[in-house]
Amino acid sequence: MAETISTTISTSKPTIQVAKFSRVILFPVLAILVMVVFMLELGIGSVPIPVSGILKVMIGAEDVDATWHTIIMELRLPRTLASLVGGAALGVAGLQLQTLFKNPLAGPWALGLTAGAQLGVALVVTAGAVIGSSFLENFEFLSNLSIVAGAMIGCVLVLMVMVAISKYVSTITLLIFGLMLGYLAQGLISVILHFTNQSQTRIYAGWNDGSFSAVYWEHFPVLIPLVIIGFAGGWWMRKPLNAMLLGENYARSLGMSVKRTRLITLGCAVLLAGPVTAYCGPILFLGLIVPHLARGLFGTSDHRILMPAVILLGALIAESADLFVHLPWEKHFLHLNAVNALLGAPVVMWVIIKNKKMRGFEL
Amino acid sequence: MNAVIEINNLSTGYQSRQGDTIVTSNIDTNLNVGELVCLIGPNGAGKSTLMRTVAGAQKAITGSVTLAGRDIREYRPRELARKLSLVLTDRVFAGMLSAYEVIALGRFPYTNWTGKLSKEDHRIIQESIHMAGAEDLVNRTLSELSDGERQKIMIARAFAQEPDVMIMDEVTAFLDLPRRVEIVKLLKRMAHESGKSILLSTHDMDLALRGADRIWLLPKGEGMLTGSPEDLVLNGSFEDAFISEGIQFDRSSGSFEVHGEFQSSVALDGQGTHAIWAQRALQRNGIQLDDQAPTKVIVKSNSGDFHCVVEKAGNQESAQSIQNLIDILNAK
Numbered sequence: 001m002a003e004t005i006s007t008t009i010s011t012s013k014p015t016i017q018v019a020k021f022s023r024v025i026l027f028p029v030l031a032i033l034v035m036v037v038f039m040l041e042l043g044i045g046s047v048p049i050p051v052s053g054i055l056k057v058m059i060g061a062e063d064v065d066a067t068w069h070t071i072i073m074e075l076r077l078p079r080t081l082a083s084l085v086g087g088a089a090l091g092v093a094g095l096q097l098q099t100l101f102k103n104p105l106a107g108p109w110a111l112g113l114t115a116g117a118q119l120g121v122a123l124v125v126t127a128g129a130v131i132g133s134s135f136l137e138n139f140e141f142l143s144n145l146s147i148v149a150g151a152m153i154g155c156v157l158v159l160m161v162m163v164a165i166s167k168y169v170s171t172i173t174l175l176i177f178g179l180m181l182g183y184l185a186q187g188l189i190s191v192i193l194h195f196t197n198q199s200q201t202r203i204y205a206g207w208n209d210g211s212f213s214a215v216y217w218e219h220f221p222v223l224i225p226l227v228i229i230g231f232a233g234g235w236w237m238r239k240p241l242n243a244m245l246l247g248e249n250y251a252r253s254l255g256m257s258v259k260r261t262r263l264i265t266l267g268c269a270v271l272l273a274g275p276v277t278a279y280c281g282p283i284l285f286l287g288l289i290v291p292h293l294a295r296g297l298f299g300t301s302d303h304r305i306l307m308p309a310v311i312l313l314g315a316l317i318a319e320s321a322d323l324f325v326h327l328p329w330e331k332h333f334l335h336l337n338a339v340n341a342l343l344g345a346p347v348v349m350w351v352i353i354k355n356k357k358m359r360g361f362e363l
Numbered sequence: 364m365n366a367v368i369e370i371n372n373l374s375t376g377y378q379s380r381q382g383d384t385i386v387t388s389n390i391d392t393n394l395n396v397g398e399l400v401c402l403i404g405p406n407g408a409g410k411s412t413l414m415r416t417v418a419g420a421q422k423a424i425t426g427s428v429t430l431a432g433r434d435i436r437e438y439r440p441r442e443l444a445r446k447l448s449l450v451l452t453d454r455v456f457a458g459m460l461s462a463y464e465v466i467a468l469g470r471f472p473y474t475n476w477t478g479k480l481s482k483e484d485h486r487i488i489q490e491s492i493h494m495a496g497a498e499d500l501v502n503r504t505l506s507e508l509s510d511g512e513r514q515k516i517m518i519a520r521a522f523a524q525e526p527d528v529m530i531m532d533e534v535t536a537f538l539d540l541p542r543r544v545e546i547v548k549l550l551k552r553m554a555h556e557s558g559k560s561i562l563l564s565t566h567d568m569d570l571a572l573r574g575a576d577r578i579w580l581l582p583k584g585e586g587m588l589t590g591s592p593e594d595l596v597l598n599g600s601f602e603d604a605f606i607s608e609g610i611q612f613d614r615s616s617g618s619f620e621v622h623g624e625f626q627s628s629v630a631l632d633g634q635g636t637h638a639i640w641a642q643r644a645l646q647r648n649g650i651q652l653d654d655q656a657p658t659k660v661i662v663k664s665n666s667g668d669f670h671c672v673v674e675k676a677g678n679q680e681s682a683q684s685i686q687n688l689i690d691i692l693n694a695k
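Chains as they are written, first to last, in the numbering used here: chain A, 1 to 363; chain B, 364 to 695.
This is chain A alone, in the form it adopts within the complex (with noise of 0.2 Å):
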């Protein structure tokens, strides 16, 4: 026995080495993939725009084209940098669900918080309707705080709900819970968005179908705080998440506070989740996918490497999706959240595959 143990180890002992180094190599090659696809997404589309138009752009030169400003400026690039802020937070919200509840097919969507966020604004944004004049202009006024508060409340909601019922069912039943809190908030919005009138639906319907192209300038000031503070707190918790995967009982007996813990990352989770799907609408798969392939790229499940690596790998898979979808398509509009779908479906799978083989699940 001790012979077969200590051949199967010398073969597998550089793995480490190899991890290591590959991490090293990883993140610069990450970085330099966000930016070029960055570059793409503001050269590719119905008009081309060369790099060096998008770099005159970029540095206010005069003597450039003015449509090529007004597109660049007003359209590719809030959308591009919305797609970049939108895969990073929703990657690092999954990351911090899958850990929490130690389930790998945890994720904003999957668990339901995209729907509670959807609600919330259906709420807020109706109410504004009923109170004002129609959706389109309440939209625009109460774009900014109101909307996202309502997301983020609808969040809480949700979240409180799946952390009490997920002591009793097991990973698959929650995320089966979670999905049915999907359809039973779109059936409310539905009965909802029915007392106010068409064009609203109407632009409900463009909301709900999940488009970083919705992210206006104007949201930025809201949106890339409330990210930062999510990023900052899943930075500041690294070291107890990494305790917290090998369960609480192990973490509280290294002297973790798990109450603490568990708090300040669920709220980070909501501030990342909450004011995303409040200004792009509801992005599927992205958060549950891009934390499993972030460990398979790395190599690990250590916090301190997977936040800075999902931020990267999410930014870099959102950008690409939304480029695949701005590709100039000759017939038809592709939706973003078709594409999410294509890429992530297929992940999902390899997941509850690859743990059922396992006998539990891995994180």
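A portion of the hints provided could be inaccurate.
To be verified - From chain B, some residues computed to sit far from chain A (all C-beta separations above 10 Å):
| hint | residue |
| --- | --- |
| 1 | Gly376 |
| 2 | Gln381 |
| 3 | Pro472 |
| 4 | Lys551 |
| 5 | Ser616 |
| 6 | Gly635 |
Said to hold, decoys possible - Chain A regions said to be covered by chain B (calculated; three or more residues, Cβ under 8 Å):
| hint | stretch |
| --- | --- |
| 7 | 242-249 |
| 8 | 253-267 |
No lab work stands behind these hints: they were computed from the structure.
Please read all numbers here as calculations on a predicted model, not as lab measurements.
A virtual CB, placed ideally from N, CA and C, is assigned to each residue, including glycine.
Go by the hints and put chain B onto chain A.
What follows is chain B alone, placed relative to chain A:
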């Protein structure tokens, strides 16, 4: 002997608005520096409650648990984690953390908020790995390890906390015999060489009797008995604690024998391993050993193939295996 944990007039149990439920009372004992103590007792005697109370995770109903001269409930969590570490039955799925990273989490109470490990931390982690004999495991992820290997890593992690006391709940529960023996050897080494005090709750009587420096025996509904394993066997405490129908504690073998009513009796003759296993087979089948019995079983072999002769009323029959022997006896 220096006591690191002193237990004075302790009653354990649960407090609720309806009143206190006392599980065990009048416990007075010490956990000494550098000893491995096994806590054993029948199910429902309150082992887990006692473990939790001694670890400071549960309030004592009366009396006190003192760790290094101070009431254990007065410690702040981080302070306590530097004095006392736990190994639990909880199965850990730390995914893609390597065994080394898991052991490094033992330094949690010592590192700052960034969790950065100093040279000294790494040295202590190495020492823990060496102590646990886990050098070959550290580069693998926890999910790749077997139950026994994983438990070793969790013990090394608890050791890396540099505690005075290590409290372990059923750490040998999922393991096969060689792995259990290995773990107990490891714990003895930690206790005797490093002066850690280890309290291990276990259902494994045999291991407790062979491995423990001292035993805390917790019978149902009474106070706790403590002493060296042999004393507790010889003064009958073991038998009393585990008394129940169909089971008997055999003082000579130090183990429990399962049997129902004896159906018949035979006289067994023979020496060595083959005779011992023949005896076990007879007992297992409800056949009593009695030198005066008319049926005789003479075990001829002592190594190689089993061979014995059954004599009854002048007839002789030969058996080539234990199963064969049982079939012959049952046929009569």
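Comparing the hints with the structure gives:
At roughly 21 Å, the least C-beta separation between glycine 376 (chain B) and chain A is larger than 10 Å, which holds for a residue marked as non-interface. Every beta carbon of chain A lies more than 10 Å from that of glutamine 381 (chain B), the smallest distance being close to 24 Å; the non-interface claim holds. A Cβ of chain A approaches the Cβ of proline 472 (chain B) within 10 Å, the least distance being about 4 Å, so the stated non-interface status is violated. The non-interface label for lysine 551 (chain B) is consistent with chain A: the shortest C-beta to C-beta separation is roughly 19 Å, beyond 10 Å.
Taking the minimum C-beta to C-beta distance to chain A, about 27 Å, the non-interface status of serine 616 (chain B) holds against the 10 Å cut. Distance check for glycine 635 (chain B) against chain A: the nearest CB is about 27 Å away, which clears 10 Å, and the non-interface claim stands. Against chain B, the stretch 242-249 of chain A contributes 6 residues with a C-beta closer than 8 Å to a partner C-beta. That satisfies the three-residue criterion, and the hint holds. With 5 residues having a beta carbon nearer than 8 Å to a beta carbon of chain B, the stretch 253-267 of chain A meets the requirement of three or more and the stated coverage holds.
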